[in-house]
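Number of protein chains: 2
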Amino acid sequence: MTRDPSQVSIMAKKFPQVQPGGSLILAWQIKGKKVLVVGGGEVAAGRILNCLNADAAVTVVAPSTGLNDEVRHRIAEKQVTHVDRVFEPSDLDGAEMVLVAVDDPAASTAIWKLCKEKKIPANIADVPPECDFYFGSVHRDGPLQIMVSTNGKGPRIAALIRKFIAKSLPENAGNAIETIGELRVKLRKIAPTSEDSPKRMTWMSKVSDTYNWQEMCELTEEDMDNLLLFYPANKVPDFDILRALRGEKNTDVSKLDVFDGSFGFSVGA
Amino acid sequence: MTRDPSQVSIMAKKFPQVQPGGSLILAWQIKGKKVLVVGGGEVAAGRILNCLNADAAVTVVAPSTGLNDEVRHRIAEKQVTHVDRVFEPSDLDGAEMVLVAVDDPAASTAIWKLCKEKKIPANIADVPPECDFYFGSVHRDGPLQIMVSTNGKGPRIAALIRKFIAKSLPENAGNAIETIGELRVKLRKIAPTSEDSPKRMTWMSKVSDTYNWQEMCELTEEDMDNLLLFYPANKVPDFDILRALRGEKNTDVSKLDVFDGSFGFSVGA
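Which chain is which? The protein sequence lines are D and F, in order. Under this note's numbering, the first residue of the first sequence is numbered 235, with each subsequent residue one higher. Under this note's numbering, the first residue of the second sequence is numbered 235, with each subsequent residue one higher.
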């Protein structure tokens with residue numbers, strides 16, 4: 235293909251530059267799947283919690299003599315299946331992910347090789363070349379997960395940044411995501427048919443485009459009900475209007491002054 | 235195992251509660267590995283950039299007639315390998331990950347099934363049950379990657395939150411991670427032997443514990459050199475002291491008033 239060089243440089247400016255050296259950050263779906271954790275120390279305890287938070291079926295292989303208190307607690311509470319001995323190759327049967335955290339480099343490497351033969355994604359703690367993936371520092375608030383990775387350059391800094399972000403987020407951050415989900419459900423009750431679907435989607439996009447993140451976190455049940463009054467007219471009021479409407483009963487939106495345009499509606503896409 | 239119920243409730247308080255319903259967020263290592271992207275539209279363009287940012291060897295299978303401008307640009311710049319036709323099963327040979335973004339549910343499902351047979355991790359865009367993993371909205375700043383996932387509850391909100399975080403972060407966030415890495419390298423020059431290793435590690439931890447994230451982002455080359463003067467005494471000065479030392483030449487740390495303790499050193503672990 236022949237190309238005009240001047241055109242190439244215009245294109246290069248138009249599209250995002252590649253920034254090499256990162257990882258591919260993924261939200262792995264492990265619900266109900268068998269994750270094998272080999273080891274029962276502090277690192278294993280962290281891995282187990284990560285997996286349980288993602289609804290995995292966790293099996294821990296480790297002699298009960300060396301268990302960390304948290305791991306012991308997860309076993310006692312039947313949150314995980316415990317195999318009370320050292321690793322055996324048959325432990326890999328049915329496993330969809332393997333996390334190794336034992337102080338035995340030779341055993342670790344042997345497990346890594348088995349996983350590669352069986353094509354099971356694996357992470358050998360503290361041995362980067364024997365990892366299909368790394369973990370990061372994760373902030374969790376309901377459906378919201380924020381993961382900080384320094385790409386191996388500083389796990390302690392990742393934790394610092396995670397704490398910084400957790401402090402910066404609006405108080406209702408996790409809840410706001412549920413709220414928007416709820417708004418979608420309420421909308422579907424008002425406009426249930428599949429013919430309504432394009433208008434529903436356009437209106438929901440308009441909502442996301444009109445309010446900033448802090449405003450979304452502030453949305454109350456009452457705000458949502460008031461907001462939905464504007465759906466038939468395919469409008470989304472400024473947040474100030476929702477605030478002004480608080481406490482008003484049986485608002486008749488068609489009689490509101492807001493429709494004279496003076497409130498600056500977000501109309502159109 | 236019999237347990238005293240009162241003891242169980244104490245233990246339950248001691249350890250983090252499981253918060254089900256999340257994903258397992260991972261930093262996948264795909265450097266130099268073959269990722270197959272099926273499709274050449276807008277979604278494919280986003281996937282390709284994600285993979286290139288993680289140094290993957292990307293192959294795009296899509297007829298050149300339907301290519302998005304960004305995908306066309308990546309091909310023209312030889313950032314990806316292009317196979318100019320629709321998907322064929324042999325495309326999976328050697329692939330370590332498969333990302334499908336085509337408007338053809340039947341073809342997508344067929345590719346998903348092949349991937350499962352071959353145990354290749356795969357993501358079929360817009361078909362959650364045919365995904366080993368989801369993508370999120372990623373902020374990137376050098377070695378720092380922050381990924382926001384709403385666990386499928388609102389990709390637009392994820393992008394809003396990502397923008398909010400990007401705005402909240404100190405300006406030098408990515409750079410600060412490099413700085414700490416640099417500090418570690420400089421320290422190793424001062425204290426190179428393996429006998430120095432425990433002291434080096436303790437001191438570096440002390441550095442992370444003494445400064446908050448904003449202070450770390452503010453650390454200059456000069457600050458680092460001054461900071462290293464405190465290493466022989468195994469001390470880490472408050473950040474105010476580093477600020478005060480700026481512009482001083484040939485600081486003799488042993489003659490500084492700071493050692494009378496009045497500056498509030500971080501001593502001990």
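Just so you know, not all the hints are guaranteed correct.
As the list makes no split between identical chains, a pair holds if one copy fits it or if it spans any two.
DSS-like, lysine-lysine: derived pairs with alpha carbons at most 25 angstroms apart [to be verified]:
1. Lys312 with Lys420
2. Lys423 with Lys347
3. Lys353 with Lys268
4. Lys387 with Lys440
Don't read these hints as lab results, they were simulated from the structure.
Status of each hint after checking the structure:
{"no.": "1", "hint": "Lys312 with Lys420", "in the structure": "neither (38 angstroms within a copy, 48 angstroms between copies)"}
{"no.": "2", "hint": "Lys423 with Lys347", "in the structure": "neither (53 angstroms within a copy, 36 angstroms between copies)"}
{"no.": "3", "hint": "Lys353 with Lys268", "in the structure": "both (14 angstroms within a copy, 15 angstroms between copies)"}
{"no.": "4", "hint": "Lys387 with Lys440", "in the structure": "between (40 angstroms within a copy, 17 angstroms between copies)"}
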